[in-house]
Amino acid sequence: MAEKNYYTIDPEGKLTCMRCGVPLIKGKARFLYLDNGFPVELPVCPVCGFVYVPEELALGKVAAVERALEDK
Amino acid sequence: MSQIQERGSTHVYKVNKISREEMESMVERCVYAHPPFCSAACPLKLDARAFLEAAAAGNFKKALQLYEKIAPFPLVLAMGCEAPCERSCRLGEIGEAVQIRAVEEAAARFGQTQRLGSVFRTRKKKSVAIFGSGLFALFLAGELEKKAYPLSVFCEEADAERFLKSETGFLDEEAFRSELKRLQGMDIQFVFGCAIDRAFIEEKRAAFDVACASPAVREKLFPEAECIPALMYCEDLKLVSGPCSGVLDAAFGAKKAALTVDRLAQNLDPRNARGQEGPVESRLYTDLSEARELTRVPMNGAGCTREEAAREAGRCIRCHCEECLKSCAYLAHYKKHPGLFAREIYNNTQIIMGDHPLNKPMNSCALCGQCTVVCPNGVDMARVCLDARRNMVSTDKMPLAPHEFALLDMLFSNEEAFLSRPQPGFDTCRYVFFPGCQAAAIAPETVKAAYLDLCDRLNGGVALMLGCCGAIGGWAGRTELEEQTRVFLDRELSKLGDPIVIAGCPMCKKELAGHEGLQITGIWDVLLEIGLPGGGHRLERPAALHDSCGARGDEKTQTAIRELAMRLGCELIETDYSGDRSPCCGYGGLAAYANREVAQEMTEKCLARSDAPYITYCMACRDRFARQGRESKHILELIYGTEAGAPPDISEKRYHRLMLKKELLRELWQEETKDMKLDYELNYTEQARRMMDERMILTDDVIAVMDELRKTGACIFDEESGLFIACRRIGNATFWVKFSREGDARYLVHRAWSHRMTVVKREG
Chain P
1 MAEKNYYTID PEGKLTCMRC GVPLIKGKAR FLYLDNGFPV ELPVCPVCGF VYVPEELALG
61 KVAAVERALE DK
Chain C
73 MSQIQERGST HVYKVNKISR EEMESMVERC VYAHPPFCSA ACPLKLDARA FLEAAAAGNF
133 KKALQLYEKI APFPLVLAMG CEAPCERSCR LGEIGEAVQI RAVEEAAARF GQTQRLGSVF
193 RTRKKKSVAI FGSGLFALFL AGELEKKAYP LSVFCEEADA ERFLKSETGF LDEEAFRSEL
253 KRLQGMDIQF VFGCAIDRAF IEEKRAAFDV ACASPAVREK LFPEAECIPA LMYCEDLKLV
313 SGPCSGVLDA AFGAKKAALT VDRLAQNLDP RNARGQEGPV ESRLYTDLSE ARELTRVPMN
373 GAGCTREEAA REAGRCIRCH CEECLKSCAY LAHYKKHPGL FAREIYNNTQ IIMGDHPLNK
433 PMNSCALCGQ CTVVCPNGVD MARVCLDARR NMVSTDKMPL APHEFALLDM LFSNEEAFLS
493 RPQPGFDTCR YVFFPGCQAA AIAPETVKAA YLDLCDRLNG GVALMLGCCG AIGGWAGRTE
553 LEEQTRVFLD RELSKLGDPI VIAGCPMCKK ELAGHEGLQI TGIWDVLLEI GLPGGGHRLE
613 RPAALHDSCG ARGDEKTQTA IRELAMRLGC ELIETDYSGD RSPCCGYGGL AAYANREVAQ
673 EMTEKCLARS DAPYITYCMA CRDRFARQGR ESKHILELIY GTEAGAPPDI SEKRYHRLML
733 KKELLRELWQ EETKDMKLDY ELNYTEQARR MMDERMILTD DVIAVMDELR KTGACIFDEE
793 SGLFIACRRI GNATFWVKFS REGDARYLVH RAWSHRMTVV KREG
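Just so you know, the sequences run in chain order P and C.
According to the numbering used here, the first sequence is numbered sequentially starting from 1.
According to the numbering used here, the second sequence is numbered sequentially starting from 73.
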């Protein structure tokens, strides 16, 4: 069964990987913290696998989940 | 540079550094929850503070509700009570006690009763009989009716009026009518005109589960029976009764008897599970200095008006102890008294699985010890929070995130920025100047001037040691790190010939005083002895002196600073909460790292004491006050005439330390250090600088990201903003930099952010 995605961002072709010269696509990624994992869909380079974490996500949901896990 | 390992997620108990006994002893010291003295003296435990507060607001309805909790017949009790509460009222020590009894009477006259009619009540299954009349029987009937027992009263009187009249001759006509109405509205089965004798009681009680008798009936019919007054119970006769004299004693006796009936109705031993009955001792602390209304409002029983009663109730000072909450921004923020807070924090340390909701509060205390000084019983929240932090670290449950930046900063101070050298021309020295990490970070010029002055005017050589004393590791609860720092500093001091340490910071002095065999003094004491160097200046306006929490309990230091300020010609303002009572600026205990909001409130609390500029003798206080926009000067800035200027951001604080080390090495010891020059140009927008300071991102972090970018070329282009984005994992965090570039060697940073989670591509 496919894993549930906790968060999805589609770059819609607006982000480009400068090393590979290709647009980032909506790809599968996983956040890991204190032995917990969260499958997500983020802008990923289809060639080198570079995963982009936008500022709003890092300071919003990611930060909130970090706090929650730290206090577990 | 060194890294600190993140905690694990599988918790294993290694060492428990806090015991339940320690916690209980701390909880015991807090008297916040102790009853006020009036309530403590009342055997019926009237919540007199709340009662008087309601009455003072003119809310006699609420006041009566509170009074009815202890008095089924409010006017009978209020008019006949001996009022031990008034004898215990603290106002009586400095003026006239509040006339609580008279206010009770007024509440009973003016308030509306909230009693529900019997239609709405479910009665209990077990039934009770009362034989006799009088105050005890009346109050007991009221208590049992309130508890919804099916209740029958057998009395010799011919009607309810006569039943009530017995022993209540002190009621006036109006009060009597009012209480009669109340009695008649109660769900009680009366059997009037009984000839009560032993046979009558034996016959009638068979139909009931519990039998009670008035003292008069018991004494007349069963003079030989032995009663247990604490239970109001004659065990041999299985009869609820006992001796009582006076109105209050009858009411208290009825309360005890009603509880005995409860236990008997459940076939339980009446001795057990009774809780604390009767008057108690209170250790509540009351600040009487704010009491204003010391004279009684004349009150004339039935003739008393609502206004008079409210005014008299308003004289109550609502005895309560909030000394710590008044003075400490941290406790005020969480609105919790230490007795409760200590227990919650202790419980937080004992949770093995699940959330630790008190992590943040525990890490938000400045550990400054102010509460211990202002508390009449010496409650020590710093001890509670520090023990809890140590416990969390030792059991591997302490999150690293709140303290990591500060701990890395401490490692930076004792690695890259560390400097230890004897005075040029000496192999070992008599003294070593230890200015402290914050002094070097915030006012490097002042540190340099002070060191040169000490070298110049002290004999025997003055070494210099730039580093961290270890307090940061200690505050974070990381005793191992604190110990490592102690060993490291001791080794370095031994290389210098174990000199006398001249501390530039009271916190360093306190921390280093814990080293065995170390002699330590403050630069302020040295300057008092050798005199001011000249070139100093005073503040033109009168200034408030802020005592450092590191100098709490150190009167010598506090006095020395005042003396130095006077010699400079400064006019000092002493504020509330100065000396040992001084609050923390928000830097202590790493509060500012764990909880910015609370730390901000601490700073505001410090600054609220005076509108004047502040003179401090801890550089962290100076920095936090200046960041808040208040003119503040470290005493050494004034003494050496060196202005530290605007408060530096977090990157500048590191840069200052490195530059000071480099400059002193070059100028005094003729040692050149290698310049780490970038082979590209890196600039920041003003917004980026602010953002980085706010988000605890160092220019070093950004440089590391850009170095990686230049090595691998890995970055992305964002079409919407027209900017590039690169990232790098450094230690326990991933840093992202959004930038524009001109050619291959010039970058302008627009934004930066970080997160602690790692992110990986996943297959499938």
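Treat the hints with care, as some may be off.
Derived pair list, reagent style DSBU-like, types lysine-lysine, alpha-carbon separation capped at 30 angstroms [stated by the list, open to error]:
| id | chain 1 | residue 1 | chain 2 | residue 2 |
| --- | --- | --- | --- | --- |
| 1 | P | K61 | P | K72 |
| 2 | P | K61 | C | K310 |
| 3 | P | K72 | C | K133 |
Only some residues are given here: those of chain P computed to face chain C with a beta carbon under 7 angstroms [said to hold, decoys possible]:
| id | residue |
| --- | --- |
| 4 | E12 |
| 5 | M18 |
| 6 | C20 |
| 7 | K28 |
| 8 | V53 |
| 9 | L59 |
Hint data in this document are derived by calculation from the structure and do not stem from the laboratory.
Note that the coordinates shown come from a computational prediction; the quantities given were computed from them, not determined experimentally.
Backbone N, C-alpha and C fix where the C-beta goes; we use that ideal spot for every residue, glycine too.
These are the hints, each one checked on the structure:
no., hint, in the structure
1, P:K61 to P:K72, "holds, 17 angstroms"
2, P:K61 to C:K310, "violated, 68 angstroms"
3, P:K72 to C:K133, "violated, 47 angstroms"
4, E12, "violated, 10 angstroms"
5, M18, "holds, 5 angstroms"
6, C20, "violated, 9 angstroms"
7, K28, "holds, 4 angstroms"
8, V53, "holds, 6 angstroms"
9, L59, "holds, 6 angstroms"
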